[in-house]
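Using the hints provided, position chain X relative to the given structure of chain Z.
Quick mapping for you: the protein sequence lines, in order, are chains Z and X.
6 is the number of the first residue of the first sequence in our numbering; add one for each residue after it.
6 is the number of the first residue of the second sequence in our numbering; add one for each residue after it.
Errors might be hidden in some of the hints.
Claimed, not checked - In silico PhoX-like cross-links for lysine-lysine, where the CA-CA straight-line distance does not exceed 20 Å:
hint	chain 1	residue 1	chain 2	residue 2
1	X	Lys-106	X	Lys-116
2	X	Lys-106	Z	Lys-185
3	Z	Lys-32	X	Lys-185
Just so you know, these hints were derived from the structure itself, not from any lab.
There are 2 protein chains.
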Amino acid sequence: MSDLQALPEKTVERLSEYRRTLLRCQKQGITHIFSHVLAGMHGLTAVQVRRDLMLIGFSSDTKKGYDVSVLADFISDILDAPQPMNIGVIGMGHLGQAITKYFNGKGLNLKIVAAFDVDKEKVGTVIDDIPCYSMDSLAERVEELDINIVILSCPTRVAEEVVLPVVNAGIKGVLNFTSKPLNFPLGIIVENYDITTLLEKVAYFVKEQERGDDI
Amino acid sequence: MSDLQALPEKTVERLSEYRRTLLRCQKQGITHIFSHVLAGMHGLTAVQVRRDLMLIGFSSDTKKGYDVSVLADFISDILDAPQPMNIGVIGMGHLGQAITKYFNGKGLNLKIVAAFDVDKEKVGTVIDDIPCYSMDSLAERVEELDINIVILSCPTRVAEEVVLPVVNAGIKGVLNFTSKPLNFPLGIIVENYDITTLLEKVAYFVKEQERGDDI
Chain Z
6 MSDLQALPEK TVERLSEYRR TLLRCQKQGI THIFSHVLAG MHGLTAVQVR
56 RDLMLIGFSS DTKKGYDVSV LADFISDILD APQPMNIGVI GMGHLGQAIT
106 KYFNGKGLNL KIVAAFDVDK EKVGTVIDDI PCYSMDSLAE RVEELDINIV
156 ILSCPTRVAE EVVLPVVNAG IKGVLNFTSK PLNFPLGIIV ENYDITTLLE
206 KVAYFVKEQE RGDDI
Chain X
6 MSDLQALPEK TVERLSEYRR TLLRCQKQGI THIFSHVLAG MHGLTAVQVR
56 RDLMLIGFSS DTKKGYDVSV LADFISDILD APQPMNIGVI GMGHLGQAIT
106 KYFNGKGLNL KIVAAFDVDK EKVGTVIDDI PCYSMDSLAE RVEELDINIV
156 ILSCPTRVAE EVVLPVVNAG IKGVLNFTSK PLNFPLGIIV ENYDITTLLE
206 KVAYFVKEQE RGDDI
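Okay, chain Z solo, but in the shape it has when bound (with noise of 0.2 Å):
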C-alpha cells in the first residue's frame, strides 16, 4: 500500500474503532459481517463504512458481509508500522499510571516501555511493570530503548517544560494529556487530548437539548 497517500484523521480514527470491533467479533466466533451491523456498531451509516474501506482499497464479496479475520488484518496492514512503536510516558502520576495499566497486557503494537517523571522516589523504581527513569535521562533513554512516542501526563502547569526536551529527544509523535494545548515544531505529530474540553462539550450539548426541550 506504499503508493497510497496518508489517510484523513477522522478515517484513521475510524479504522483503529473499526479493527477494535471485529478485534471482539473474532473472539466471540464471528467469521463474517454486514457492512449495515458493523456501521451500526458505531453509530455510522453503511455507506460511510463502505467509503472507509474502499479508501484503504479493501473489497470483499459482499453476500456474506465482511470475513472478519482478513479485513481485521488488512486494517492492521494499513494502520500498523512493521515493527511494534515504543512508547515513554512522561509523568508518572495517576493519570500515568492509569494509562499505562490501561494498555499493559492489551496486545496492541504499540508498547508502553518506559515512564519519566521528576519525582525522586518514583525514578528508579518498576510501576506496573514500567521502569521509571529521570526526565533528565529522556534523551538517552529514548535513543536505547527506540522510543517514538510521548504520552504527555505530566501536571499542566509544567506542560510547557517538557516540549523542548522532548523535540531535542527526538521524539516523533505526542499525545497530550495536560490542558495545555502545545506547540511542536513540524514534523512532530500531536494530539491534544484534553478531558476538560470534550467534557465541557458533553456539557454545552446537555444544555442546548434541555434548552430546546423547554421551548
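For chain X alone, kept in the frame of chain Z given last:
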C-alpha cells in the same frame, strides 16, 4: 443568546480551549490579547479564531486586542449552564480516580459529586472526597444529587451492561472512556473518548511521516 442555534461541535471544543487559555492569561495579569496571538497558542489561524467569535456574536475594539476577562466571561455565558452541572463517575478504578483527581478543585462549572462501582470494598467509602455508591443505587442517587452527566470509566468488558441503567436513571450526557463505542437512544449526548484510537492515530501518522522521509 437563547435565539442562537446550537454551535458546531468543533467550535464548542475550540471555545472551551480559548477559555482555558484566557483564564491562564488572566492569572498572569495579561489584560488584552490579539486574535493572532490567541490563535498561535492553539495552532490555529487568526481567521479561525475571529470566525468562532463572530459565530457567538462577540465583537470588540480590535486595536488593543480582545479584553481577556470580557471574552472569558462571554464564552462562559455561551458554554455554561446557569447552574453548575453535576457529574457521576461510573467505575472508580485507576482511570476513574485519575479523572476525579484531575477535576477536583479545577473550579469548573462541572462538578463530580458521586462515584459508582460494583466493588464492595469501594462502595460506602469516600475516595478523593467523592462518595462511592453501589451501581444498584444509580437511579436513586442521580435523582437525589441532580446528576446530569456520567463519565464511564468502567472496564470495557462491562461497558454495555451499564447502558440500560444509565438510560433508566435519566442521564442526559455520557463521556465514554471505555474502548467500546456505545449506542444510546437519541436525546442522550454521547462522546466516545477512546485513548487507544488516539494513540493508534498518532502512531499511524508517525509511521506515514517516516515512510515519506524515506522516499
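So, going through the hints one by one against the coordinates:
{"no.": "1", "hint": "X:Lys-106 to X:Lys-116", "in the structure": "12 Å, holds"}
{"no.": "2", "hint": "X:Lys-106 to Z:Lys-185", "in the structure": "17 Å, holds"}
{"no.": "3", "hint": "Z:Lys-32 to X:Lys-185", "in the structure": "14 Å, holds"}
Consistency with the previously given hints is maintained throughout, with no hint failing.
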